[in-house]
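Participant: Protein chains in written order, with full-length UniProt numbering: chain A, 1 to 242; chain B, 1 to 221; chain C, 1 to 221; chain D, 1 to 193; chain E, 1 to 193.
Don't take every hint at face value.
On the chain B side, residues computed to face chain E include the following (Cβ under 7 Å) [stated by the list, open to error]:
| hint | residue |
| --- | --- |
| 1 | P5 |
| 2 | A8 |
| 3 | A19 |
| 4 | G80 |
| 5 | T81 |
| 6 | T88 |
| 7 | D221 |
What the hints contain is simulated information worked out from the structure, not anything from laboratory work. For every residue, glycine included, the Cβ atom is placed at its ideal position computed from N, Cα and C.
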Amino acid sequence: MWSAFANPHKFLKFSAVAAPLFYGAGMLCILWGLWQGLWIVPKDDYQGGDIMRVMFIHVPAAWLAMVSYSGLAVASFVWFIWRHELADIAAKAIAPLGAVWTALCLATGSIWGKPTWGTWWQWDDARMMSVLFLLFLFLGYMALRASMDSRQKAARAGAILAMVGAVNVPLIKFSVDLFTSLHQPASVITADGPKMAAVYLTPLLISGLGHALLFGGLVMTHMRTEIRERRIARLTAQALEG
Amino acid sequence: MNAAPIWAAFRQAFAEAWAGGAGALLPLGFLGGAAVLVPLGIGSDTETLKAVGPGIIWVSLALSSLVTLERIFQADVEDGTLDLWLQTGAPMAAVAAAKTLAHWLAAGLPLALASPLLALMFQAQASLDLIAHLGLYALGSLAFFFWGGVGAALSATVRRGGLLISIIALPLYVPTAIFGSLAMTGGIGSDGAPMLLAASTLFACAVAPYAMAAALRLAAD
Amino acid sequence: MNAAPIWAAFRQAFAEAWAGGAGALLPLGFLGGAAVLVPLGIGSDTETLKAVGPGIIWVSLALSSLVTLERIFQADVEDGTLDLWLQTGAPMAAVAAAKTLAHWLAAGLPLALASPLLALMFQAQASLDLIAHLGLYALGSLAFFFWGGVGAALSATVRRGGLLISIIALPLYVPTAIFGSLAMTGGIGSDGAPMLLAASTLFACAVAPYAMAAALRLAAD
Amino acid sequence: MTVSTAPLLSASGLAILRGERVLFRGIGLTLQPGEAIVLRGANGAGKTTLLRMLAGLTRPEAGEIARPAAHHWIGHKEGIKPQETPRIHLALWAKAWGSSASIADILDQLALTRAADVPGRYLSAGQRRRTAFARLLLEARPLWLLDEPYTALDAAGKTMLDQVISGHLRTGGAIIASMHDAAGFPVTAEVTL
Amino acid sequence: MTVSTAPLLSASGLAILRGERVLFRGIGLTLQPGEAIVLRGANGAGKTTLLRMLAGLTRPEAGEIARPAAHHWIGHKEGIKPQETPRIHLALWAKAWGSSASIADILDQLALTRAADVPGRYLSAGQRRRTAFARLLLEARPLWLLDEPYTALDAAGKTMLDQVISGHLRTGGAIIASMHDAAGFPVTAEVTL
Ligand code: HEM
Ligand SMILES: Nc1ncnc2c1ncn2[C@@H]1O[C@H](COP(=O)(O)OP(=O)(O)OP(=O)(O)O)[C@@H](O)[C@H]1O
Ligand SMILES: Nc1ncnc2c1ncn2[C@@H]1O[C@H](COP(=O)(O)OP(=O)(O)OP(=O)(O)O)[C@@H](O)[C@H]1O
Ligand SMILES: [Mg+2]
Ligand SMILES: [Mg+2]
Numbered sequence: 001m002w003s004a005f006a007n008p009h010k011f012l013k014f015s016a017v018a019a020p021l022f023y024g025a026g027m028l029c030i031l032w033g034l035w036q037g038l039w040i041v042p043k044d045d046y047q048g049g050d051i052m053r054v055m056f057i058h059v060p061a062a063w064l065a066m067v068s069y070s071g072l073a074v075a076s077f078v079w080f081i082w083r084h085e086l087a088d089i090a091a092k093a094i095a096p097l098g099a100v101w102t103a104l105c106l107a108t109g110s111i112w113g114k115p116t117w118g119t120w121w122q123w124d125d126a127r128m129m130s131v132l133f134l135l136f137l138f139l140g141y142m143a144l145r146a147s148m149d150s151r152q153k154a155a156r157a158g159a160i161l162a163m164v165g166a167v168n169v170p171l172i173k174f175s176v177d178l179f180t181s182l183h184q185p186a187s188v189i190t191a192d193g194p195k196m197a198a199v200y201l202t203p204l205l206i207s208g209l210g211h212a213l214l215f216g217g218l219v220m221t222h223m224r225t226e227i228r229e230r231r232i233a234r235l236t237a238q239a240l241e242g
Numbered sequence: 001m002n003a004a005p006i007w008a009a010f011r012q013a014f015a016e017a018w019a020g021g022a023g024a025l026l027p028l029g030f031l032g033g034a035a036v037l038v039p040l041g042i043g044s045d046t047e048t049l050k051a052v053g054p055g056i057i058w059v060s061l062a063l064s065s066l067v068t069l070e071r072i073f074q075a076d077v078e079d080g081t082l083d084l085w086l087q088t089g090a091p092m093a094a095v096a097a098a099k100t101l102a103h104w105l106a107a108g109l110p111l112a113l114a115s116p117l118l119a120l121m122f123q124a125q126a127s128l129d130l131i132a133h134l135g136l137y138a139l140g141s142l143a144f145f146f147w148g149g150v151g152a153a154l155s156a157t158v159r160r161g162g163l164l165i166s167i168i169a170l171p172l173y174v175p176t177a178i179f180g181s182l183a184m185t186g187g188i189g190s191d192g193a194p195m196l197l198a199a200s201t202l203f204a205c206a207v208a209p210y211a212m213a214a215a216l217r218l219a220a221d
Numbered sequence: 001m002n003a004a005p006i007w008a009a010f011r012q013a014f015a016e017a018w019a020g021g022a023g024a025l026l027p028l029g030f031l032g033g034a035a036v037l038v039p040l041g042i043g044s045d046t047e048t049l050k051a052v053g054p055g056i057i058w059v060s061l062a063l064s065s066l067v068t069l070e071r072i073f074q075a076d077v078e079d080g081t082l083d084l085w086l087q088t089g090a091p092m093a094a095v096a097a098a099k100t101l102a103h104w105l106a107a108g109l110p111l112a113l114a115s116p117l118l119a120l121m122f123q124a125q126a127s128l129d130l131i132a133h134l135g136l137y138a139l140g141s142l143a144f145f146f147w148g149g150v151g152a153a154l155s156a157t158v159r160r161g162g163l164l165i166s167i168i169a170l171p172l173y174v175p176t177a178i179f180g181s182l183a184m185t186g187g188i189g190s191d192g193a194p195m196l197l198a199a200s201t202l203f204a205c206a207v208a209p210y211a212m213a214a215a216l217r218l219a220a221d
Numbered sequence: 001m002t003v004s005t006a007p008l009l010s011a012s013g014l015a016i017l018r019g020e021r022v023l024f025r026g027i028g029l030t031l032q033p034g035e036a037i038v039l040r041g042a043n044g045a046g047k048t049t050l051l052r053m054l055a056g057l058t059r060p061e062a063g064e065i066a067r068p069a070a071h072h073w074i075g076h077k078e079g080i081k082p083q084e085t086p087r088i089h090l091a092l093w094a095k096a097w098g099s100s101a102s103i104a105d106i107l108d109q110l111a112l113t114r115a116a117d118v119p120g121r122y123l124s125a126g127q128r129r130r131t132a133f134a135r136l137l138l139e140a141r142p143l144w145l146l147d148e149p150y151t152a153l154d155a156a157g158k159t160m161l162d163q164v165i166s167g168h169l170r171t172g173g174a175i176i177a178s179m180h181d182a183a184g185f186p187v188t189a190e191v192t193l
Numbered sequence: 001m002t003v004s005t006a007p008l009l010s011a012s013g014l015a016i017l018r019g020e021r022v023l024f025r026g027i028g029l030t031l032q033p034g035e036a037i038v039l040r041g042a043n044g045a046g047k048t049t050l051l052r053m054l055a056g057l058t059r060p061e062a063g064e065i066a067r068p069a070a071h072h073w074i075g076h077k078e079g080i081k082p083q084e085t086p087r088i089h090l091a092l093w094a095k096a097w098g099s100s101a102s103i104a105d106i107l108d109q110l111a112l113t114r115a116a117d118v119p120g121r122y123l124s125a126g127q128r129r130r131t132a133f134a135r136l137l138l139e140a141r142p143l144w145l146l147d148e149p150y151t152a153l154d155a156a157g158k159t160m161l162d163q164v165i166s167g168h169l170r171t172g173g174a175i176i177a178s179m180h181d182a183a184g185f186p187v188t189a190e191v192t193l
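Just chain A, same shape as in the assembly (with noise of 0.2 Å):
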């Protein structure tokens, strides 16, 4: 499997099959984890009542954000290293797929956080900050892609922010410990275990994988169509070369 994420010619092929299953299974999770968070599970005060079933949304995302994150700055790695095309499309794809995700959780995070803490953001919490600055870092991210005049210097360009933009993803995950914040630790991916009561937990972790397996759907979409657009331009060069 792993040979077909090496070489193009081998991920479009398996890509049209797992793209759609992706999708598939990703929007069933999904669907199924906001109908326990929204009608099945009870809800919780101490959360701010009815508001926390937001939860089954705004978790996943942020972890989708964080995930996505290392995803971009993994696959620059990889590219910088063995410049293998594929890697650097897969952190093209990425980008703008992770500015959405972290959006969203930054979105859920506000509205959660209105009616619990009182207020829709804390400028000095040190986690909504750094996740803000994480979209920030998605979004100079493509700002310099795109003002690169050739792909292979976007490319470079890219790989050096994403690499050095790692940074963040550590003071994201340990804010909450390394600072008194309004948000609370960490309670499912933690050194012990997850400490969360299991009808939370479920319908929590079942929401979790079907947004990641969207979003890995959803990034293989956009490097098929990022190949094929390499692909006519390398054409269209030899068609002009004679």
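With the hints as your guide, set chains B, C, D and E with the ligands onto chain A.
Facilitator: Then chains B, C, D and E with the ligands, alone, in the frame of chain A:
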């Protein structure tokens, strides 16, 4: 490793930093200007001013490091100096670090040194704390300059890339800004903050030069 | 007066302003970045934030106009474009005004348009006032760009004159900043403030172009 | 053309200081339609400075310049923005000068068709020079001030430029050019600094 | 010198894309001590790009470059800072390269004595070129890569440069230079792009 080219890079950058007019006086002017404009907008309530003072100094440091750095590497690309540095045989990361350090000495450190004065302008009580803060500002601004250098190197081929630099560099500033203000406000959990600030600066000094070197090679291509 | 060269200067400057990457998105990023760093330093007390919000927006506008303007005229000197503009036969003051206006449209106005959003981030109450303030920010930033243009033109031959610009331009910004924040806070004596702000902007638009033209002629000499 | 026409340019007693030192003094020249003056002088003699003075860009320390005719100026720096392609550059100046010349034809004449849409930042040295010379053809002006016009041009480019200049001189134009090589067009006089 | 020496530079199969277009491909060359190769080609053919590639500044799309010898590179841009005078510039690079050559002598040899203390921003075009060439004499390096070396030089400057280059070739150095004019030094081969 032969230190001569690195030392030469440092000297050239330092001369360049001072050449554009009155050297360190200018960043001071910039900081002073910001310090004057802020209370104008805010009003002169003593309590408010005291509360915002340190924050404003941090922000001024961050912004003026951006303004200073915008041209460093871009100028090198435009006048052909970068080609020469890339071919000295010295590790480019060391050259980039030397240049950044020179610009920090010329423009960043004077700002940090001026910070107690500014704090007083913001109605802070004169105390030994101000001197301690000076050290924090100096540390933090060093990290700003290194991360800013990465942004500057990345956008060196893009004319008027100054604003692109901001977008790239600001997220990199965040850890430093967070630890720095935490160390200053001295709230709960701030015991380790000066150490964390130092660590984040050290990290910047260790990682940023390699990123700069890669970005500069790209800019020459 | 033949308007063709002036219109051409406007178009060229506008294209230049957008060329460096993603155009108006970038100054927005700058302003956003500044707005974000400030509270990091200040803390998040709602009352304090509300008090400093407008001031911070003014300062960010001023600083980002400086960052934008630093390179305008310096680039023209370096690439020889200034020689061409000085010889079009059109009044240089009009050309300079057209260029400044273009840069304001590309970088200043978007900032002003984003100000209500920023004000909300600073815990301001959503109200029609924010729209009125948008107008004040737009007016004020226009004055900032014109005065900043004078500073940029004066320091156009000095490489890395960016900080020199700040020193020259910041004092010129003060009246605008005073009237602007007065108009916004609506304290005693603030009835006439919007008029005074408009007057100071008008004054900048009327006087600055001639100063710019003279400074540019000097830069080419 | 022995009819005494008004000179397109006349200057007398020009002098300039550079860094406490007199760079040149007492320079005078007169240019009639159809004439070509070549400026000669060692590196640093002041050819560029004199040309800028004649173009009205630099203020002489002493002396008089009368320039009743419109002029074109092409210096060491071409005046092309990094984001401007040759086509956009010419369109801009055509607009500014109110010229209606065909830009496609001019690009063709200067063999810039291939580079017509490459941003200024990526143009080769010769392509930049050619773009600057293309401005000469945008609008007919009697007086051309050219600083080292052959710089960076290939053989074909030099021949092309010589033809353009010769044509300009034949139709009553005049030029002053600084040069280190032999000129490929009829030269009326040489001025040595 | 028929003893087979190791080449100072050898390259094969070089190719590069510029803006989706192949600028050149399949370029190869070998340079032995004492040899001079002149690059020819129309404006925009890719001479500068090839030289930058040989200097290690630009990454080739395909092909191999082996450059065992140290080299000097003089491009279109001289690498002089606006605040640097020729004297300071040379002192800086002497320091960086660990050279102990006499800077006063080199300035003298390039006829830069008068301009030795003028900041880079005010140097004339030829003075800037001469300052760049002065770097060649700071440190002896076998391989010189020169992009249009005659640009902006006056007649005396060209003669001086020809002598410097000929001396370099005689003592076992080698050069690759892009040029539009005839070379004033013995040329081993011409490569046309
Ligand atoms: C804009 C504001 C917010 C941001 C940027 C944010 C960000 C994040 C991030 C990055 C995570 C992942 C943490 C990890 O896996 O270690 C997370 C998880 C979580 N957030 Fe938020 N959040 C915000 C607001 C809120 C609010 C208002 C609440 C509820 C009061 C909340 C409740 C949670 C919960 C329960 C988790 C799961 C943590 C766990 O169990 O591991 N968040 N959030
Ligand atoms: N501020 C200054 N201080 C000292 N000398 C200066 C200053 N500004 C200019 N110069 C000198 O004035 C002269 C300017 O000459 P200019 O550029 O006109 O020469 P040129 O004849 O065009 O030379 P080239 O053939 O090299 O282009 C140079 O010799 C330069 O060193
Ligand atoms: N991004 C780009 N898009 C399209 N074309 C490009 C791009 N970058 C460079 N080029 C082209 O690549 C070529 C670069 O040529 P180079 O500067 O090497 O030429 P040269 O042989 O040195 O020419 P000259 O004699 O004019 O100095 C030019 O034709 C230029 O137009
Ligand atoms: Mg000259
Ligand atoms: Mg070339």
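Participant: Compare the structure with each hint and give your call.
Facilitator: Verification of the supplied hints:
The criterion of a C-beta within 7 Å of any C-beta in chain E is met by P5 of chain B, whose closest approach is roughly 4 Å, and the hint holds. At about 4 Å, the closest approach between the beta carbon of A8 of chain B and any beta carbon in chain E falls short of 7 Å, and the interface hint on this residue holds. At its closest, the beta carbon of A19 of chain B sits 4 Å from a beta carbon of chain E; the interface hint therefore holds under the 7 Å criterion. Given hint, G80 of chain B at the interface with chain E, holds; its Cβ is 3 Å from that chain's nearest Cβ, closer than 7 Å.
For T81 of chain B, the interface hint holds, since its Cβ comes within 7 Å of a Cβ in chain E; the closest pair sits about 5 Å apart. Given the 7 Å rule on beta carbons, the hint for T88 of chain B holds: about 6 Å separates it from the nearest Cβ of chain E. Against a cut-off of 7 Å between C-beta atoms, the interface hint on D221 of chain B holds, since the closest Cβ of chain E lies about 5 Å away.
Comparing the model with each numbered hint stated earlier shows that all of them hold.
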